[in-house]
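S.K.: Residue strings, one per chain:
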Amino acid sequence: MKLLGSAMVVAAGTGLGFSLAQRYSERPRQLGQLIGCLTALGSYVNYAALPLAEALARAAGGLDSPVGDFLRRTAGNLADRGWLSPREALEEAMDANGRTLAWERPERETLLLLGANLGATGREEQQKYLALVLEELRRIEREALMLRDQNVKLYRYLGVCGGLAAAILLV
Amino acid sequence: MSYGDVLVKTLYPLLAPPLAAALRAAPAALLAQAGEIRIRTGQPLLVVAGDGDVFLDAAGRPSDQAKAYVASGEDVAKTLQIVSRNSLYACEEELRQGFLTVAGGHRIGIAGQAVTVGGALKTLKNVSALNIRLAREIPGAADTVMPYAVAGPRGVLSSLVISPPRCGKTTVLRDMARQLSGGIARLGFTGVQVGIVDERSELAACRDGVPTADLGPRADVLDGCPKAVGMLMLIRSMAPQVIITDELGREADAAAVREARHAGVAVVASAHGRDVADIAARPFIGALITDRIFERYIILGDKPAVGTVREIAAAGGEIVYRRPGGIKACG
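Protein sequence lines, in the order shown, are assigned to chains L and H. Numbered by our numbering, the letters in the first sequence go through residues 1037 to 1207 in order. Numbered by our numbering, the letters in the second sequence go through residues 98 to 428 in order.
It is worth saying that the hints were derived from the structure and are not from the lab. Every residue, glycine too, gets a C-beta built ideally from N, C-alpha and C. One should not assume that every hint holds.
As the list claims (entries may be wrong) - Each pair of labels, with its calculated beta carbon distance range: (1) L:1145 with H:213: 33 to 41 Å; (2) L:1097 with H:355: 23 to 31 Å; (3) H:311 with L:1117: 51 to 59 Å; (4) L:1098 with H:147: 31 to 39 Å; (5) L:1152 with H:235: 39 to 47 Å; (6) L:1161 with H:132: 29 to 37 Å; (7) L:1075 with H:121: 39 to 47 Å; (8) L:1059 with H:311: 27 to 35 Å; (9) L:1161 with H:248: 49 to 57 Å; (10) H:402 with L:1134: 55 to 63 Å; (11) L:1117 with H:282: 42 to 50 Å; (12) L:1097 with H:217: 44 to 52 Å; (13) L:1100 with H:355: 55 to 63 Å; (14) L:1183 with H:210: 44 to 52 Å.
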């Protein structure tokens, strides 16, 4: 009985550690995908001059991930309710898909800032602005990668060890 | 479907909510006559109808100026945002020209602050006024004209539609396109391949390249394409029997019309002017008249209604049709 209880405590600790570590490794992955999609968005805006909703939907392509879902939802918001501004459409999509997105405050703020300027200027300015946003997102991605390297192992070990420690104390 | 219903489908979804609400509630009789809707920052909402201007209050009731709904800067900005589908970058050319065409063919003129680079207009910013020119698809608008514009089952006579602004040139031209493409049973005309160069997206009212106006089964549309380039492209690529285009004016337009006629393609076009003599005095397209490039001149007026055919003349100037009851001038 004690053995079973201890095993469960260790398993719980390990699970907790792994889920925290997962969040650290998921964030740079999603940031990378976002950077890829926004680069594509730049092409659809600059060369094909597609309307924003369609450009966003195409930029998300067939990406089967929370980032793809988020961009498609933003595109859907814009297409279905034309009176929404891009920022409002992004905000709504972020609220609705928030639980699946592993983003932190800096990238959320950068995205909302992008939303405030998206579609509101000519092609050249859009391209310049997107380049600026992409640069910022790459910087955030680099930081996220560093955090991942530091923290993933840490949280995994911490989870296992914490679980073991708790089990020992309880026994 | 009443014209009000047409506007509910095509125009109101594009307006800022307070403007849409007022217009939705406006009297149907007013909208049936409306030619323009004017929205200016800090000024009352105005419908230009038939004989006069009508101010609307927030509930859509015709009212005097003091009680009318005053459009805010937010109303204008929001409308422009919706009309451009949040994509001003996709409308750069239209902004430079000063208007956008939306589904249904309505043309939204824009005035604001010009941004110039090296003396050339780059774009407009701080847009403060919108003029929505309402398009009307009137099947049958060209019924009077068609007997004089076709010859035999497949013959089309090159025609120039002449009228001052707001007398229904585009409406008549659009209906001519529909009838030429679809055929006219009462005249034994079977229909021909029609090529349309729609530089200002008014004739065919294309949305994403697909016409939203009824142009019959044999019409190809080059949307947003400069007339001169487009006419030559169509001749090469789509082998039309007639080319239809709006508002000739430039030297290149006149050269392209000649080119098309030499290639054996009929041309149906329009030009701003009061009558044939007025057009003949104009540079470039005047020479098309003296050289008898067109076989028919169709002069329009707006009395008793917009799109009324005042007279039709042959190449030599002889009148082949004149509206009974005398000629009335457009205003």
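S.K.: Determine for every hint whether it applies to the structure shown.
M.R.: Each hint tested on the structure:
Separation of residue 1145 (chain L) from residue 213 (chain H) is about 35 Å and conforms to the stated range, judged on CB atoms against 33 to 41 Å. The hinted window of 23 to 31 Å between residue 1097 (chain L) and residue 355 (chain H) is violated, with their beta carbons roughly 48 Å apart. At about 29 Å, the CB distance of residue 311 (chain H) to residue 1117 (chain L) disagrees with the hint of 51 to 59 Å. For the pair residue 1098 (chain L) and residue 147 (chain H), the beta carbons lie near 54 Å from each other, so the given range of 31 to 39 Å is not met.
Range check, residue 1152 (chain L) to residue 235 (chain H): Cβ separation about 43 Å, and the 39 to 47 Å hint holds. A hinted range of 29 to 37 Å for the beta carbons of residue 1161 (chain L) and residue 132 (chain H) is consistent with their spacing of about 36 Å. Distance hint check for residue 1075 (chain L) and residue 121 (chain H): the Cβ-Cβ separation is about 42 Å, which falls inside the suggested range of 39 to 47 Å. Checked against the hint of 27 to 35 Å, the pair residue 1059 (chain L) and residue 311 (chain H) fails, with Cβ atoms roughly 57 Å apart.
Checked against the given bound of 49 to 57 Å, the beta carbons of residue 1161 (chain L) and residue 248 (chain H), roughly 54 Å apart, stay inside it. For residue 402 (chain H) and residue 1134 (chain L), the hinted distance range of 55 to 63 Å is satisfied, since their beta carbons lie about 58 Å from each other. Range check, residue 1117 (chain L) to residue 282 (chain H): Cβ separation about 45 Å, and the 42 to 50 Å hint holds. The supplied range of 44 to 52 Å is broken by residue 1097 (chain L) and residue 217 (chain H), whose beta-carbon atoms lie about 37 Å from each other.
As the Cβ distance of residue 1100 (chain L) to residue 355 (chain H) is approximately 57 Å, the hint placing it in 55 to 63 Å holds. With their beta carbons about 46 Å apart, residue 1183 (chain L) and residue 210 (chain H) fall inside the hinted range of 44 to 52 Å.
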